[in-house]
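Asks: Could you slot chain A onto chain L? The hints should help.
2 protein chains.
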Amino acid sequence: MAQQKKMVEEITSMEEDFAKWYTDVVKKAELIEYTSVKGCMVIRPYGYAIWENIQKELDREFKALGHENVCMPMFIPESLLNKEKDHVEGFAPEVAWVTYGGNEKLEERLCVRPTSETLFCEHYKAIVQSYRDLPKLYNQWVSVVRWEKTTRPFLRSREFLWQEGHTIHATAEEAREETVRMLNVYADFCENYLAMPVVKGVKTEKERFAGAEDTYTIEALMHDGKALQSATSHYFGDGFARAFDIQFTDKDNKLKYPFQTSWGSTTRLIGAIIMTHGDNNGLVLPPKIAPTQVVVIPVAAHKAGVLEKAQELTDRISKVCRVKIDTSDNSPGWKFAEYEMKGVPLRLEIGPKDIENNQCVLVRRDNREKYFVSLDDLETEIPKLLDTVQKGLYEAALARRANMTYSAASLDELKDIADNKPGFIKAMWCGSRECEEKLKEYAGVSSRCIPFEQEHIADTCVCCGKPADKMLYWGKAY
Amino acid sequence: MAQQKKMVEEITSMEEDFAKWYTDVVKKAELIEYTSVKGCMVIRPYGYAIWENIQKELDREFKALGHENVCMPMFIPESLLNKEKDHVEGFAPEVAWVTYGGNEKLEERLCVRPTSETLFCEHYKAIVQSYRDLPKLYNQWVSVVRWEKTTRPFLRSREFLWQEGHTIHATAEEAREETVRMLNVYADFCENYLAMPVVKGVKTEKERFAGAEDTYTIEALMHDGKALQSATSHYFGDGFARAFDIQFTDKDNKLKYPFQTSWGSTTRLIGAIIMTHGDNNGLVLPPKIAPTQVVVIPVAAHKAGVLEKAQELTDRISKVCRVKIDTSDNSPGWKFAEYEMKGVPLRLEIGPKDIENNQCVLVRRDNREKYFVSLDDLETEIPKLLDTVQKGLYEAALARRANMTYSAASLDELKDIADNKPGFIKAMWCGSRECEEKLKEYAGVSSRCIPFEQEHIADTCVCCGKPADKMLYWGKAY
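Chains L and A, in that order, are what the protein sequence lines are.
Under this note's numbering, the first sequence has 73 at position 73, and the numbering climbs by one with no breaks.
Under this note's numbering, the second sequence has 42 at position 42, and the numbering climbs by one with no breaks.
Be a bit skeptical, because a hint or two may be false.
Some residues of chain A that are not near chain L, with every Cβ distance over 10 Å (derived) [unchecked claim]: (1) Ser-36; (2) Arg-44; (3) Glu-61; (4) Arg-156; (5) Asp-238; (6) Ala-243; (7) Asp-245; (8) Lys-256; (9) Ile-457.
Here chain L is said to cover these stretches of chain A; the calculated rule only asks that three of the stretch's residues, wherever they fall, bring their Cβ under 8 Å from a Cβ of chain L [unchecked claim]: (10) 65-72; (11) 96-108; (12) 117-124; (13) 361-375.
Just so you have them, the derived chain A footprint on chain L, three or more residues with Cβ under 8 Å [unchecked claim]: (14) 48-61; (15) 120-129.
In case anyone wonders, no lab produced these hints; they're calculated from the structure.
The beta-carbon is built from N, C-alpha and C at its ideal position, and this holds for glycine as well.
Okay, chain L solo, but in the shape it has when bound (with noise of 0.2 Å):
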């Protein structure tokens, strides 16, 4: 009863308040509960199945490419944060300090880590001797934390789920192809698996991470026009490597700094899912990353034979999908509105009619269609459409951003398309931060990255006229 009553309420719609939407469908499609410490988050059962579902192909990947995965602790002493004069300053303001150990206060206060660069060099300081220990190529699984203000589950939370890929190479050519190379990884994956287009690009001087000598990015674009950053991989060149003093002795003999990397994706990333494909009825999720991609739902289940079926047909599928059947005293039309809210991909209906003419009806989540499909079938057509929906859904996308980016040459259309359309906006950019400092004062936009593939828009920078040869993409981000 109580269960029943929970699924009539609705959640807010999109155009009324995109975020309430936003975390309407976190709440009631149970990815997370809210906890008494402030940006911390349980992360349930559901949302964590497509976490472990996203890790799972990207540790695959990395694994194929050579990486290995390792362990670093937790926490980061003062002094060792210290080391990388950008870094601290990037970092320090936002770590969360341990100063106690039981009773005893501690000699050194210790953070936690926001991102483990600086574990990693202190380790391949004591691992790197020679060119033959090079390169490495290693990555972990944990959360990091960091003590931000605003807080919005998956989007921006105090501790947050990630992997964090660290590589260290004897050259600096090695090692700009690996940053490359991995953000490639991160921009297949999202388009192959989470049906999101993604636009490729290094991040500007002034949007670069603490301590980068370059920041590779990949940009979506959400529903309401936002910007998301998905994934991002930095070059360090030898920085981190001076800092902490890493040297190896070459072929040649001699004493050298190497080159170092590192890149990272998280739980954001299902919050990019949720906002990408979600609508009015609830989340909406790509089959690759679904955690069920087909639910069974009897209908007319207290009829001789119809359960029965319908298990047997479960089983029958379990062999090509993910399926799960609902044999719970809901009604059918809960269900449907528990499943849609949930975003499984496929609802299979089995009922008395159905049995007689050897057939049921599929549902698709995304666009409501209705097919009805021979029992003989099953094995064939539930891959075949589940492929159709994972394809739909990311040309739907791309549809999408392409009727929401835009270009503008001067600073009035600008300045126009930003208090007006939602969206991307390419422009021209002539490099210096004062242009992008006045375009994120006066048209509230910020830099999301020069893409890799540049197109010509004006001979002359959209802030201050001068020659400009770099097309950037702008816009409003979370």
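Replies: Leaving out everything else, chain A in the frame of chain L:
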């Protein structure tokens, strides 16, 4: 050259100094590296790969029994930790406290979770209302922190990786069943995967987990005759539910307190593997858990056709086992020592003579037995041999334990065994905490468990001489 030198160094022998042997192995097999934070270590790729294999199998078993993974925050507010009296008394003295977020002092300090009962209780209070919401069978894979004074890699570290299961049930009976079921999952895993026999039993009141009504344990015997508590499973009754005011409406429409369990296993299992199977040449890994099961070493690799053949065999057998080829320019002798140190179960040697004879040499790590095997039979012989090694390790450990398990009918006898014969001591106990404390003081042994499999050794308590009907395992422990 640097590497060649490294492997010539021998490790301390077990008989000379077991503790030093242990730390030599964890370092030289490249399982861990120390960091600048005492008690916090880097788990290196080879060590982490063992943990991943443990995780994979346990996670599969948990899920097969209906458990779901979740993720709780790492921080517990002091007021939340304080809610269950026994629990806070047990853990507060050894937690790490976060007192600052960035530059601001926190209003309430937060401890880094030493275990997550309190967090799960807070969550269960939020999501459990009706009997329909029960049971919840949750687990999480995270790291926890306990500010120990004395630390040793894997065995007792300030941060360690583990899984913690937390379940909540409508009835005491169901919760008790779950507690014992999960103990059996751990015991079967240790025996079947880690080739490590364990004694299953229940802890005395003195040794119970803080807040539990009963703590079940599996106890293994290490090479040096010390016991290692390898996993525990706790029955909480409704104590936590009452402390956290978790109630549900039962089928009879009455408000009731639910019953809870928790159960955990940690990276300590890696320490258990090392100290159960290792020898004076290093690590010995049970095949089922070894990251690499077979290492292929080309002999006289400069001769025509050897490398190609070695690679061809590697590709072939990769279909039946986890195999790695070492084509580095280190000498075969160096490689033999290296993979013995790392405990790879089987070594495959292939040289020009072997190729001529259409055979190769397989060498077992555990007893160095050599087998000449026809190249045509590798796909059948290797899995068979791995299976033989797995069983052999278990049998050897079982025999060693039998040889190191003693019975004592009197206090003098017990004291004599405790002083002179490392191992388990079986003896009767009257049930009083006084006798337990006296045995600790007088003979230096602690109660390991009251085993499920009872034996009748005498009619009276080994300590006080009063009537006793419980047989206990006593021992020195890690």
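Asks: A separate judgement is required for each hint: does it hold in the structure or not?
Replies: Here is how each hint holds up against the structure:
| no. | hint | in the structure |
| --- | --- | --- |
| 1 | Ser-36 | 6 Å, violated |
| 2 | Arg-44 | 6 Å, violated |
| 3 | Glu-61 | 16 Å, holds |
| 4 | Arg-156 | 14 Å, holds |
| 5 | Asp-238 | 22 Å, holds |
| 6 | Ala-243 | 15 Å, holds |
| 7 | Asp-245 | 14 Å, holds |
| 8 | Lys-256 | 16 Å, holds |
| 9 | Ile-457 | 40 Å, holds |
| 10 | 65-72 | holds (count 5) |
| 11 | 96-108 | holds (count 8) |
| 12 | 117-124 | holds (count 3) |
| 13 | 361-375 | violated (count 0) |
| 14 | 48-61 | holds (count 4) |
| 15 | 120-129 | holds (count 5) |
In this structure, the earlier hints numbered 1, 2, 13 are contradicted, and the remaining ones agree with it.
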